[in-house]
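Given next are the chains, with one letter for each unit.
There are 2 protein chains.
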Amino acid sequence: MTTSTPTPRYTVAVIGGTGPQGKGLGYRFARHGHDIVLGSRAAEKAETVATEVSERLAGLAGAGTARGAANTDAIAAADVVLLAVPYDGHDELVASLASALAGKTVISCVNPLAFDKRGAHGRVINGGEGSAAESAAEIAPEATVVGAFHNVAAPALWGEDDFLDEDVIVVGDSLEGKQVAIDLAASVTGRPGIDGGKLRLARVLEPFTAVLISINRKYKTHSGIRVTGV
Amino acid sequence: MTTSTPTPRYTVAVIGGTGPQGKGLGYRFARHGHDIVLGSRAAEKAETVATEVSERLAGLAGAGTARGAANTDAIAAADVVLLAVPYDGHDELVASLASALAGKTVISCVNPLAFDKRGAHGRVINGGEGSAAESAAEIAPEATVVGAFHNVAAPALWGEDDFLDEDVIVVGDSLEGKQVAIDLAASVTGRPGIDGGKLRLARVLEPFTAVLISINRKYKTHSGIRVTGV
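These protein sequence lines map, in sequence, to chains A and B.
Residue 27 in our numbering sits at position 27 of the first sequence, and the numbers go up by one each step.
For any residue, its number in our numbering is found by taking its place in the second sequence, counting from 1, and adding 1000.
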């Protein structure tokens, strides 16, 4: 498989880059020509995972590079930051990185979910008038925060298929910020992401993952969503 | 076009049957062999719209029947009730029909949306821990309430295509209730609906329509969702 260099070609810091979602998305971005810096609290852990990603990228013509760094170093090296961290501790982590995130395009794929005996469901944020992405935007007001990549399944990201058979819906209050995620989506799905409206609609995209988890359990699959008619 | 009689063949009362979503879904059900009773507060209005639907069904081999009635008469004649009413006044309407709904399978496609200069968004119900479908289940506790058909666009329902290129996700706490909506979905999309989990996940499906409305405005289309991997 060969990939031509994407235009534009981004350097993406992946905060939570050692978790399955961050590692998987970072791998997808790099597989199709972007450069990634996996971030972690501990640089060594990030470097170990980056080596694992680099080994999978070896021999792929057109692939970008992968390296690891401590979170703030990763952010400093990047134009774009993917927030791929668990919701528990999310607000505190973003607060600790807020000054580093200033001026960056920040893509949140954080899913605030809860699980009980009835399955997965969305956590209520700010009395139903909030989302992880909106929280990040409030905590890091000098960043341009958009929401995207909430609904892609980590096992598929780390799998062998060249592209995933699903769409990435992007929400945000900045068209320029959304365009970055729309561009990056092409490295995951083979086609641009879809502009799904304002940032507050992250309140829908984040818990939609609970629906897909329910479907996965029922049908023993890794489901995704596609938008028809676009 | 011919349609073989569906198994099972349902009689569906459509509350809100004179609105675009109710009329369109009712038409789809009848087009593929189910019988519908469009309900309205005024029987005459329902009968007028039922005549319009019947005219479109004429000559379609295998089509079911369409007639109109006052809401309670429509419910009494049916096994299955589709709630396709605006969210404004929804709770009061369901309360007024609660005794008639006892023992019925009730499918809610009600979308509690609000609109402002930033577009469509979900209304917050019960502090983020509620949905129209859950409200219906509370108000009519002897009915079996499921949620489905939230995300299908009315213009496509009333259009010429035999089936819509999208999926219907069904949520509910009763497998039997969900099965009815899963069966009926086949008359809209050409394939069974998809079990999306418990009724509380209607909190996600209902406002997802706001995302599709945003996409429609941006891309000048009638978008829908498909579930991949199932």
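Treat the hints as calculated values from the structure; they're not laboratory data.
It is possible that some hints are incorrect.
What the hints assert, rightly or not - In silico negatives: residues of chain B with every beta carbon more than 12 angstroms from chain A:
{"id": "1", "residue": "D1195"}
{"id": "2", "residue": "I1213"}
{"id": "3", "residue": "T1228"}
To be verified - Below, a list of computed lysine-lysine pairs in the BS3-like style, where the Cα atoms sit at most 30 angstroms apart:
{"id": "4", "chain 1": "A", "residue 1": "K45", "chain 2": "A", "residue 2": "K117"}
{"id": "5", "chain 1": "B", "residue 1": "K1045", "chain 2": "A", "residue 2": "K198"}
{"id": "6", "chain 1": "A", "residue 1": "K117", "chain 2": "A", "residue 2": "K218"}
{"id": "7", "chain 1": "B", "residue 1": "K1117", "chain 2": "A", "residue 2": "K198"}
{"id": "8", "chain 1": "B", "residue 1": "K1117", "chain 2": "A", "residue 2": "K220"}
{"id": "9", "chain 1": "B", "residue 1": "K1218", "chain 2": "B", "residue 2": "K1117"}
{"id": "10", "chain 1": "A", "residue 1": "K198", "chain 2": "B", "residue 2": "K1198"}
{"id": "11", "chain 1": "B", "residue 1": "K1218", "chain 2": "A", "residue 2": "K117"}
{"id": "12", "chain 1": "B", "residue 1": "K1117", "chain 2": "B", "residue 2": "K1045"}
{"id": "13", "chain 1": "B", "residue 1": "K1117", "chain 2": "A", "residue 2": "K117"}
{"id": "14", "chain 1": "A", "residue 1": "K218", "chain 2": "B", "residue 2": "K1198"}
As the list claims (entries may be wrong) - Just the calculated beta-carbon pair ranges, DEER-fashion:
{"id": "15", "chain 1": "B", "residue 1": "K1218", "chain 2": "A", "residue 2": "A114", "range": "27 to 37 angstroms"}
{"id": "16", "chain 1": "A", "residue 1": "A186", "chain 2": "B", "residue 2": "K1220", "range": "46 to 56 angstroms"}
{"id": "17", "chain 1": "A", "residue 1": "G127", "chain 2": "B", "residue 2": "S1099", "range": "50 to 60 angstroms"}
{"id": "18", "chain 1": "B", "residue 1": "E1129", "chain 2": "A", "residue 2": "A77", "range": "38 to 48 angstroms"}
Source: prediction; values computed, not measured.
C-beta: ideal position from N, C-alpha, C; glycine also.
Taking the hints in turn, this is what the structure says about them:
1. Distance check on D1195 (chain B): its Cβ comes as close as 5 angstroms (rounded) to a Cβ of chain A, failing to clear the 12 angstroms threshold; non-interface status is violated.
2. The claim that I1213 (chain B) lies off the interface is violated: its Cβ sits roughly 8 angstroms from the closest Cβ of chain A, which falls inside the 12 angstroms cut-off.
3. Remark: the non-interface label on T1228 (chain B) conflicts with the geometry, its nearest Cβ contact in chain A lying 4 angstroms away (cut-off 12 angstroms).
4. The suggested pairing of K45 (chain A) with K117 (chain A) is violated, with an alpha-carbon distance near 34 angstroms, which exceeds 30 angstroms.
5. The hinted pair formed by K1045 (chain B) and K198 (chain A) fails the criterion: a straight-line CA distance of about 38 angstroms is larger than 30 angstroms.
6. In summary, the hint linking K117 (chain A) to K218 (chain A) is supported, as the alpha carbons are separated by about 14 angstroms, within the 30 angstroms threshold.
7. The suggested pairing of K1117 (chain B) with K198 (chain A) holds, with an alpha-carbon distance near 11 angstroms, which does not exceed 30 angstroms.
8. Between K1117 (chain B) and K220 (chain A) the CA atoms are separated by roughly 42 angstroms; this puts the pair beyond 30 angstroms, and the hint is violated.
9. Among the hinted pairs, K1218 (chain B) with K1117 (chain B) is consistent with the structure: their alpha-carbon atoms are about 14 angstroms apart, no more than 30 angstroms.
10. For the given pair, K198 (chain A) sits about 27 angstroms from K1198 (chain B) by alpha-carbon distance, which is consistent with the 30 angstroms threshold.
11. Our distance criterion of 30 angstroms between C-alpha atoms is broken by K1218 (chain B) and K117 (chain A), whose separation comes to about 39 angstroms.
12. Straight-line distance between C-alpha atoms of K1117 (chain B) and K1045 (chain B) comes to about 34 angstroms, which puts the hinted pair past the 30 angstroms bound.
13. At most 30 angstroms may separate the alpha-carbon atoms for a hinted pair to count; K1117 (chain B) and K117 (chain A) exceed this at roughly 40 angstroms.
14. A distance of roughly 11 angstroms separates the Cα atoms of K218 (chain A) and K1198 (chain B); the hinted pair therefore holds under the 30 angstroms criterion.
15. For the pair K1218 (chain B) and A114 (chain A), the beta carbons lie near 32 angstroms from each other, so the given range of 27 to 37 angstroms is met.
16. Checking the proposed 46 to 56 angstroms range against A186 (chain A) and K1220 (chain B) shows it is violated: the Cβ atoms sit about 22 angstroms from each other.
17. A beta carbon spacing of about 34 angstroms between G127 (chain A) and S1099 (chain B) contradicts the range 50 to 60 angstroms that was offered as a hint.
18. Separation of E1129 (chain B) from A77 (chain A) is about 42 angstroms and conforms to the stated range, judged on CB atoms against 38 to 48 angstroms.
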